[in-house]
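Q: In case you want the letters, here they are:
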Amino acid sequence: MAHAHLDAAAGAPLHPAAREVLEAALARGYADPRALHGPGRDARLLLANAREAVADVLGVRRDEVWFTSPLDAVQRGFLGLAEARRHVGTRLVLPGVEHAHVRHAAHWWTRLHAGEVVEVPVDATGRVDEHDLVENAVGGSTAAVACQLANHEVGTLQPAGALPLPDGVPLFVDASASLGLLDLPAQHWAVAAGAATSWAGPPGIGVLLVRRGTRWTNPFPGDPEPQDFGGALPDVAGSLAAAAALQASLAEREEVDARRRRLVDRIRAVAATLPDTEVVGDPVDRLPHLVTFSCLYLSGEALVRELDRAGFGVASGSACTASTLEPSHVLAAMGALTHGNVRISLGRDVTEQQVEDLLALLPDVVGRLRSEVGL
Amino acid sequence: MDSSPLVTSGEPPEPDLELDCRGMLCPQPVIELGRRHTEVPVGGVVAVVVEDVAARTDVPAWCRMRGQEYLGEDSAPDGVPRYRVRRVS
Chain A
-6 MAHAHLDAAA
4 GAPLHPAARE
14 VLEAALARGY
24 ADPRALHGPG
34 RDARLLLANA
44 REAVADVLGV
54 RRDEVWFTSP
64 LDAVQRGFLG
74 LAEARRHVGT
84 RLVLPGVEHA
94 HVRHAAHWWT
104 RLHAGEVVEV
114 PVDATGRVDE
124 HDLVENAVGG
134 STAAVACQLA
144 NHEVGTLQPA
154 GALPLPDGVP
164 LFVDASASLG
174 LLDLPAQHWA
184 VAAGAATSWA
194 GPPGIGVLLV
204 RRGTRWTNPF
214 PGDPEPQDFG
224 GALPDVAGSL
234 AAAAALQASL
244 AEREEVDARR
254 RRLVDRIRAV
264 AATLPDTEVV
274 GDPVDRLPHL
284 VTFSCLYLSG
294 EALVRELDRA
304 GFGVASGSAC
314 TASTLEPSHV
324 LAAMGALTHG
334 NVRISLGRDV
344 TEQQVEDLLA
354 LLPDVVGRLR
364 SEVGL
Chain B
14 MDSSPLVTSG
24 EPPEPDLELD
34 CRGMLCPQPV
44 IELGRRHTEV
54 PVGGVVAVVV
64 EDVAARTDVP
74 AWCRMRGQEY
84 LGEDSAPDGV
94 PRYRVRRVS
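First to last, the sequence lines map onto chains A and B. Taking our numbering, the leading residue of the first sequence gets -6, the next gets one more, and so forth. Taking our numbering, the leading residue of the second sequence gets 14, the next gets one more, and so forth.
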């Protein structure tokens, strides 16, 4: 049996529509797009095409789109809002389940400027209450608020589109786990970050969106204005391939998501019947392709290894699978069981057969591992 | 509601059984709890002493999933976190 990759959220094969584009762009877009020679002009044109395509499908302006790495889009995007308001205050507010990239950026910046990070608690589904978030931003000393569009580990949607913040406090939306899968909010946000991994694009490419009229200042060394790749030599071919993958993913989204949503429902239903197993995250208001559950008494590492041996690649948020030996801060913030955790994310080409094969196997794997611990 | 020792004395009840899980990593402390909580009678208190931070989430989660009562966290004399559970069934 071929290996079934059920960890698409952490990387998937490049969308076929982007492969030819990447090939062609590598041949033509190798030069520095800022250079004044012919190859530079070629690269500049390709990068402009990529920008226009992304702006078009996301419904934003061309001059609001910047290409960079996914990590840089988050760090620079969020902290640039904070930096521009440092004279007002140095408090950053975010839900307690933001991605580590957002949390680490917030803690780094507030340490640097003697500020504070307020992490707002979430409910058992992992969702933050919009009133709690807004309330914590009131009071004058808040530089910026971050809120993810959907949680990267459990899939729960956040109220990122329903946050009219007080006193001109700007909102950073982390769409790194969801751009290409969910629409951006229509209003109330100043900066957003996306990662091409979530739309089957090249893994190294991120998109930074800075709304026109936003007060934003580069928090890192270099030019104060936004630049592609933070001013480094741009990956033109990667950016164009990311744009092509985004176009293609959005064009097929309705059909692909309906299939993935149905398969996720099926996995949730079967996982819920496993003894002493908790399916976590909102059952309805969630990402279409992702499902997480935790099995009491089991180690996440053992589950990942057993399923890999049987031909299924899955992820885990359990401490024993993390380099830090810290349990997932998302699961901990939700009060969900942190051990025995499995995260399944379905790629665009997942088949019903792959999911049914996994589900046929899962009760045996869980039962066998549990009998090994004698429970 | 029945009056519990917690309510009448104002002091946390001393555990009937203390599981020394120092040095263990998740999920081992919860496995110990799952195996040995039946050594105390219904109404009795079991405590898990463990440094591993996952226990702070996983002991209350175990109580929720297994229908037991989580009483809270205090510390062993050496400062290691101690999580107390009342056996309900």
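Take these hints with a grain of salt, some might be off.
[Stated by the list, open to error] Calculated from the model, a selection of chain A residues having no Cβ within reach of chain B, i.e. all distances over 10 Å:
| no. | residue |
| --- | --- |
| 1 | -4 |
| 2 | 30 |
| 3 | 152 |
| 4 | 248 |
| 5 | 287 |
| 6 | 292 |
| 7 | 328 |
| 8 | 367 |
[Unchecked claim] Selected chain A positions facing chain B (in silico; Cβ < 10 Å):
| no. | residue |
| --- | --- |
| 9 | 110 |
| 10 | 111 |
| 11 | 312 |
| 12 | 320 |
| 13 | 330 |
| 14 | 342 |
Derived from the structure by calculation, the hints contain no laboratory data. All residues carry an ideal CB built from backbone N, CA and C; glycine is no exception.
Q: Evaluate each hint against the coordinates.
A: Going down the list of hints, with the structure as the test:
1. -4: holds (27 Å)
2. 30: Non-interface label on residue 30 of chain A holds, nearest chain B Cβ at 56 Å vs cutoff 10 Å.
3. 152: About 24 Å separates residue 152 of chain A from the closest Cβ of chain B, which puts it past 10 Å; holds.
4. 248: Check passes; 37 Å lies beyond 10 Å.
5. 287: Check fails; 8 Å does not lie beyond 10 Å.
6. 292: violated (6 Å)
7. 328: violated (6 Å)
8. 367: violated (7 Å)
9. 110: Because about 19 Å separates residue 110 of chain A from the closest Cβ in chain B, which is outside the 10 Å limit, the hint is violated.
10. 111: violated (21 Å)
11. 312: holds (5 Å)
12. 320: At about 4 Å, which falls below the 10 Å cut-off, the nearest Cβ of chain B leaves the hint on residue 320 of chain A intact, so it holds.
13. 330: Nearest chain B Cβ about 4 Å off; hint holds.
14. 342: Violated, about 34 Å.
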